[in-house]
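Number of protein chains: 2
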Amino acid sequence: MEAGLNLEEGKKGRITIRDVAAAAGVSISTASKALNGIGRMGEETRERVKRVAREIGFRPNALARGLLSKRSFTIGLLTNDTYGRFTLPVMAGISEALVDHGVSVFLCAIEDDPALGQIHVEAMLDKQVDGIIASGKRLDRSLPVDLSNLPVPVVYAYTEGPPDSVIFRSDDAQGARLAVEWLVKLGRRRIAHITGPESFFSVRERAGAYAQIAGDAEPVMYGIWAESWGREAVAQIWSRSGEKPDAIFCGNDQIARGVIDALRERAIRVPEDVSVVGFDNWEIMAEQTRPPLTSVDMGLKALGREAGLTILALAEGKPVEAGVRKLPCHLVVRESCGGSLED
Amino acid sequence: MEAGLNLEEGKKGRITIRDVAAAAGVSISTASKALNGIGRMGEETRERVKRVAREIGFRPNALARGLLSKRSFTIGLLTNDTYGRFTLPVMAGISEALVDHGVSVFLCAIEDDPALGQIHVEAMLDKQVDGIIASGKRLDRSLPVDLSNLPVPVVYAYTEGPPDSVIFRSDDAQGARLAVEWLVKLGRRRIAHITGPESFFSVRERAGAYAQIAGDAEPVMYGIWAESWGREAVAQIWSRSGEKPDAIFCGNDQIARGVIDALRERAIRVPEDVSVVGFDNWEIMAEQTRPPLTSVDMGLKALGREAGLTILALAEGKPVEAGVRKLPCHLVVRESCGGSLED
DNA sequence: AGGAGCAGAGAAAACCTTTTCTCACTTGAC
DNA sequence: GTCAAGTGAGAAAAGGTTTTCTCTGCTCCT
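Chains A and B, in that order, give the protein sequences.
Each residue of the first sequence is one higher than the one before, counting from 1 in my numbering.
Each residue of the second sequence is one higher than the one before, counting from 344 in my numbering.
Hints are computed from structural coordinates only; laboratory data are not their basis.
A couple of the hints might just be wrong.
Think about it this way: if two alpha-carbon atoms lie no more than 30 Å apart in a straight line, the pair counts; the simulated DSBU-like pairs of lysine-lysine are [claimed, not checked]:
| no. | chain 1 | residue 1 | chain 2 | residue 2 |
| --- | --- | --- | --- | --- |
| 1 | B | 413 | B | 644 |
| 2 | A | 301 | B | 644 |
| 3 | B | 644 | A | 137 |
| 4 | A | 33 | B | 669 |
| 5 | B | 413 | A | 50 |
| 6 | A | 137 | B | 480 |
| 7 | B | 376 | B | 413 |
| 8 | B | 413 | B | 661 |
| 9 | A | 244 | A | 185 |
| 10 | B | 669 | B | 480 |
| 11 | B | 528 | B | 644 |
| 12 | B | 376 | A | 70 |
| 13 | B | 528 | A | 301 |
| 14 | B | 393 | A | 70 |
| 15 | A | 70 | B | 528 |
Using the sequences and the hints given, assemble the complete structure.
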């Protein structure tokens, strides 16, 4: 047995295929073919090489391999979502989808700095990434960096992209319908909508879907993405004369939180008097409200998974149809509306 | 001018140094030396090569370069902090410190799955990372993966590591002192401490520092890391007979949030009647409380920066002293205590 | 027996860059 | 007019792997 007489092969550096070849008593080419399951050789030889490789702990150098194959099994994820509320679930989905294929992910947070973005893109290209996924915190804004005419494929996940690109985003209208229909199904008749700035595309989508079902008995209340706005909006509604809503559909979970707090301060019971539903299903927020918040989940992890599989397909040269793909939201039922999924 | 007659060099693939050499009418070696500012050659030649390279948009292939230099200018960040509350600031710091050096970061979220961790570590090693930074969500827990005896350096950032390793962590005792001394300075005399599970090292550190200053007039109240515990603890305190605290030092911002909510429900004014201070300075939480929460910031970004620079030094073969490095916390003053930094 | 065909395995090129070595030529000194 | 020293630039090897091509025997058929 030539192999096994060393735990720490004297020479410097990692174990290469050359060491495997020597230990197995074959040439480098034969070793390579044996390990990759290609080429012609005796079954006995192939097994011996494989065994030896395992014994001495050989792992192929991905750099060398990538140099030749022009595939680095690496992709870049570019995001301006510093806080990571949207990007992290997306990232988790991407990673989950790609780890099986041996692909690793460079994460680059570029804030909103075009120069920094440029630097990171160039660094990733230098490292021969197989593709780039652009991600953000807003569906109707682009990253501050030009990703057209890159030598690698690009897909966009939860961020705006150019017309002929592949874009994944949540179906906010469908998500809003889910929420409002749920309220209707629970018997609610006067449903208010307190949401973020009208300048946000998501806000308009959600408000549009809301209005289609709920009508215009209650006006949509646009504001900012903050608890304080939720509280203030409730104050406005309850200082008005006339009938009060029996349900409030909120543009995100922070607003919903403010709404719930304000309702409790007015001794209005949730969900008995008023049902509240949020958007984003930001667990750390939704689970800590009193009562826990029923909320629309945008399925960002699934979105990341799709984006990952798509960039992989593109990297492998498979054709992928361009266009916007809306992925469905789903409703996470907690206690702030009453009811349960079995009802 | 040989260069410039093509926007899209007919052949396939990216632009290599061979193209630069041809376009500049020199050999590959000369081109390389010119671009790297080494070797001997006429100043005119050097400038011409550089100019041509710029014109045709040459960028060296990092894979090829890494193959030779055995430096990939890539590091891995391993974390089990899925939610990213701790890892993201650390990551931002690392990235910020390393981008200037052309180093990119693989982010691998491994949940608490040892098998997944192993896969990611091996993938990173195959890709010849120059080093690995392990990070987590708890100072007294290790990642579920063995990082000893790796062929690359490892540093630990906000997670437990083996005795002879380089570990960066926040100085929680100092942070707690900062908070309590601030309360004392504002004239508070009965300071309570509502915090997380005693099993957490951070909790014991913070509680220890608290007790040293505040004494044992108020017992430390251990619970869970949730708003509900903050509310419940306040209920307990105010249902007891005897003098009530005039300040509450909370183990994290979520607890502080619950405390503030519970105090308001009792019509106890913050900060007039009771000062509240949190820990973590989790902005999205601290800024949305009423009033905004004064909180201890653990300086995770700086921690990441230090970890990044250290792994870089190790990768370059510079000696680095092993041991635990505690990085200082600082106090972010908002309104929940009264007072301002100028006082 | 002579050749076709095939099984098994190695040699060498290729990927792209860096670096060491070598070579040809010029200049200046004696 | 030689020699030494210096200048500018190219040839070649190295890094680890994959892949194509080539080579040597062997079997089997006629």
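Hints and how they fare:
At most 30 Å may separate the alpha-carbon atoms for a hinted pair to count; residue 413 of chain B and residue 644 of chain B meet this at roughly 29 Å. Using a Cα cut-off of 30 Å, the hinted pair residue 301 of chain A and residue 644 of chain B holds, with the two alpha carbons roughly 26 Å apart. Pair hint residue 644 of chain B plus residue 137 of chain A holds up; C-alpha atoms about 21 Å apart against a cutoff of 30 Å. Using a Cα cut-off of 30 Å, the hinted pair residue 33 of chain A and residue 669 of chain B is violated, with the two alpha carbons roughly 51 Å apart.
The straight-line distance between the Cα atoms of residue 413 of chain B and residue 50 of chain A is roughly 26 Å, inside the 30 Å bound, and the hint therefore holds. With a C-alpha separation of about 24 Å, the suggested pairing of residue 137 of chain A with residue 480 of chain B holds against the 30 Å cut-off. Distance hint between residue 376 of chain B and residue 413 of chain B is fulfilled; the C-alpha atoms sit about 19 Å from each other, no more than 30 Å. Between the alpha carbons of residue 413 of chain B and residue 661 of chain B the distance comes to roughly 16 Å, so the proposed pair stays at or under 30 Å and holds.
Straight-line distance between C-alpha atoms of residue 244 of chain A and residue 185 of chain A comes to about 19 Å, which keeps the hinted pair within the 30 Å bound. About 16 Å separates the Cα atoms of residue 669 of chain B and residue 480 of chain B, which keeps this hinted pair within 30 Å; it holds. Restraint check: the Cα-Cα separation between residue 528 of chain B and residue 644 of chain B comes to about 28 Å, which is no more than 30 Å; the hinted pair holds. With a C-alpha separation of about 25 Å, the suggested pair residue 376 of chain B and residue 70 of chain A falls inside the 30 Å cut-off, and the hint holds.
Between residue 528 of chain B and residue 301 of chain A, the direct Cα distance comes to roughly 47 Å. Violation of the 30 Å bound is thereby established for this hinted pair. Our distance criterion of 30 Å between C-alpha atoms is met by residue 393 of chain B and residue 70 of chain A, whose separation comes to about 26 Å. Taking the CA atoms of residue 70 of chain A and residue 528 of chain B, the gap is about 63 Å. The hint is violated against a cut of 30 Å.
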